[in-house]
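Those sequence lines, one after another, are chains H and P. Residue numbers for the first sequence, in full-length UniProt numbering: 1 to 326. Residue numbers for the second sequence, in full-length UniProt numbering: 1 to 230.
What the hints contain is simulated information worked out from the structure, not anything from laboratory work. Hints may be right or wrong, so weigh each one.
[Stated by the list, open to error] Quick look at which bits of chain P chain H covers, simulated, 3 or more residues with Cβ under 8 Å:
1. 108-119
2. 181-192
[Claimed, not checked] Each computed EDC-like pair below joins lysine to aspartate or glutamate, with the alpha-carbon atoms no more than 16 Å apart:
3. P:164 - P:151
4. P:127 - H:254
5. H:146 - H:123
6. P:127 - H:207
7. P:202 - P:216
8. P:123 - H:123
9. P:123 - H:207
10. P:123 - H:254
As the structure is a computational prediction, the values presented were derived from the model and not from experiment. Cβ coordinates follow ideal geometry from the N, Cα and C atoms, glycine included.
Each chain, written out:
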Amino acid sequence: MASLSHALSSPQYILPPPALIRRQALAPRRHLRRRAPAAAISAAIQWNRKPQLAGETPRVVVVTSGKGGVGKTTTTANVGLSLARFGFAVVAVDADAGLRNLDLLLGLENRVNYTAVEVLNGDCRLDQALVRDRRCPSLELLCISKPRSKLPLGFGAKALTWVVDALRSRPSGPPHFVLIDCPAGIDAGFITAIAPANEAVLVTTPDITALRDADRVTGLLECDGIRDIKMIVNRVRTDLIRGEDMMSVLDVQEMLGLALLGVIPEDSEVIKSTNRGYPLVLNKPPTIAGLAFEQAAWRLVEQDTMTAVMVEEEPRKKGFFSFFGG
Amino acid sequence: MAISGDLKAFGTFASSCPKHPLRPALSSSKVQLGRFLNGVSKDLRITPKWPYLVPRTSGTAQNNHQCFGIERSKLSSATINQDAEGFFLNAINMNFFDRLSLAWRILFPTRTARRNSNARIAKQRLKMILFSDRCAVSDEARQKIVRNIIEVFSEFVEIDSQDKVQLNVSTDPDLGMAYSVTVPVRRVKPEYQDSEEDYKGKITGITYKDTGEPSDTVDVTFDFFIPNEK
Chain H
1 MASLSHALSS PQYILPPPAL IRRQALAPRR HLRRRAPAAA ISAAIQWNRK PQLAGETPRV
61 VVVTSGKGGV GKTTTTANVG LSLARFGFAV VAVDADAGLR NLDLLLGLEN RVNYTAVEVL
121 NGDCRLDQAL VRDRRCPSLE LLCISKPRSK LPLGFGAKAL TWVVDALRSR PSGPPHFVLI
181 DCPAGIDAGF ITAIAPANEA VLVTTPDITA LRDADRVTGL LECDGIRDIK MIVNRVRTDL
241 IRGEDMMSVL DVQEMLGLAL LGVIPEDSEV IKSTNRGYPL VLNKPPTIAG LAFEQAAWRL
301 VEQDTMTAVM VEEEPRKKGF FSFFGG
Chain P
1 MAISGDLKAF GTFASSCPKH PLRPALSSSK VQLGRFLNGV SKDLRITPKW PYLVPRTSGT
61 AQNNHQCFGI ERSKLSSATI NQDAEGFFLN AINMNFFDRL SLAWRILFPT RTARRNSNAR
121 IAKQRLKMIL FSDRCAVSDE ARQKIVRNII EVFSEFVEID SQDKVQLNVS TDPDLGMAYS
181 VTVPVRRVKP EYQDSEEDYK GKITGITYKD TGEPSDTVDV TFDFFIPNEK
């Protein structure tokens, strides 16, 4: 983690990518000297490195989990904002037709005037319904419906697919990413949200209830045709893992069999930032959860995965001196 | 005296200061001892985090039992601290060697303790649950499986009764999900039966005669199978 501490001490808050830690050779872009693998540490000085977009644009990603409360909306907001800070055009869609939360997390709840239901009815244009964030202009928010209106029974999978196609063919150009925040559960709202998506990010926590639901959701996603499913493990407490009270991320990966996009540690900053309406990744200095979200966003862009590191679980060698030295 | 109750605070306490688990706790517990003993007297039930640990304390600890009062329903951080202090108060009343052995068992847990750790239990439960969720087969599929199996078996054997063929789905710790089909068989069809001719000349038994005396010879008797000529 030497490069991470290096980044923390610097004024810039765009992380050097995890690729540097892995010493992967990347395509030479605006570097005058070619980076040799041995010069990985000196390469950390290049501040304006952006991740390379892999896959076709726009990339439609659904953030789902099955169980509620594991951090889907938080993940959507923070990963979306990280992507926007990297310079990509991101549209975040809150696909929950009844209860709306993504606007609260981004701090944009006062600025949502029009929603997708009104666009479908023809009351307004699509760009009027997209709320642009002032702090980070590449991010736009689209909500499905106003919570005080009657339950929009008409909003189904076809409607959301139409909205995503309209985004794709809008005059100002398609966005690079469309992040769809899925509602909890596996009923009609879920089916609506996964309809237009090509990829899925499954958010889960390391406890047994969330993992069971995540497994069910994986089965449903694969039935629907979404094969590219990556996992983010949220709310990880390394102290409990070390004390063998919580399943480690390796266990989770083994049980679910999904590629790992990121591991987000439990951070009280998440609650504080939600309350303020100021997303976590914009914090200066960055918090551990914010850094983890940025790394996960980087891996999402490059369609990369990580391997979980085993927390020190080996039983301590029984010996007289280990009692003192540790 | 067996201590039984909920002692997560002690667990985290121990993990944060692994070197001297008892010493700082003892000093803090002495300070708050007065406040603690003024509490309402109810049943004290504290289990250590490691269920296998049952410290053997002397009999003098018994009379202090009633003074400790902790209500199990309220688990605020104050009561968790009191839980830990109660444990340590009991620890004070143990003699030195009991405390030492308790500390040793906490710091160096035995293999059975690691096997019963919460993470491992959770992993086992999750494995079972995932297997049963993933492999839950519908009724229609069951009927089809049974029918296909009856068809396949009928080629080789005569099935006793088709209604008695059963499909059982069970979870096995080694195999995971195990499907077993029970087929009652009346007899094997004649063309597939093992004929006795194949066994002609095969050895069915070997006896080795050993009198116990060292000798240069070995006495072995071979029994051969000769089918009855019909």
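Enumerated hints in conflict with the structure, sorted upward: 2, 7, 8
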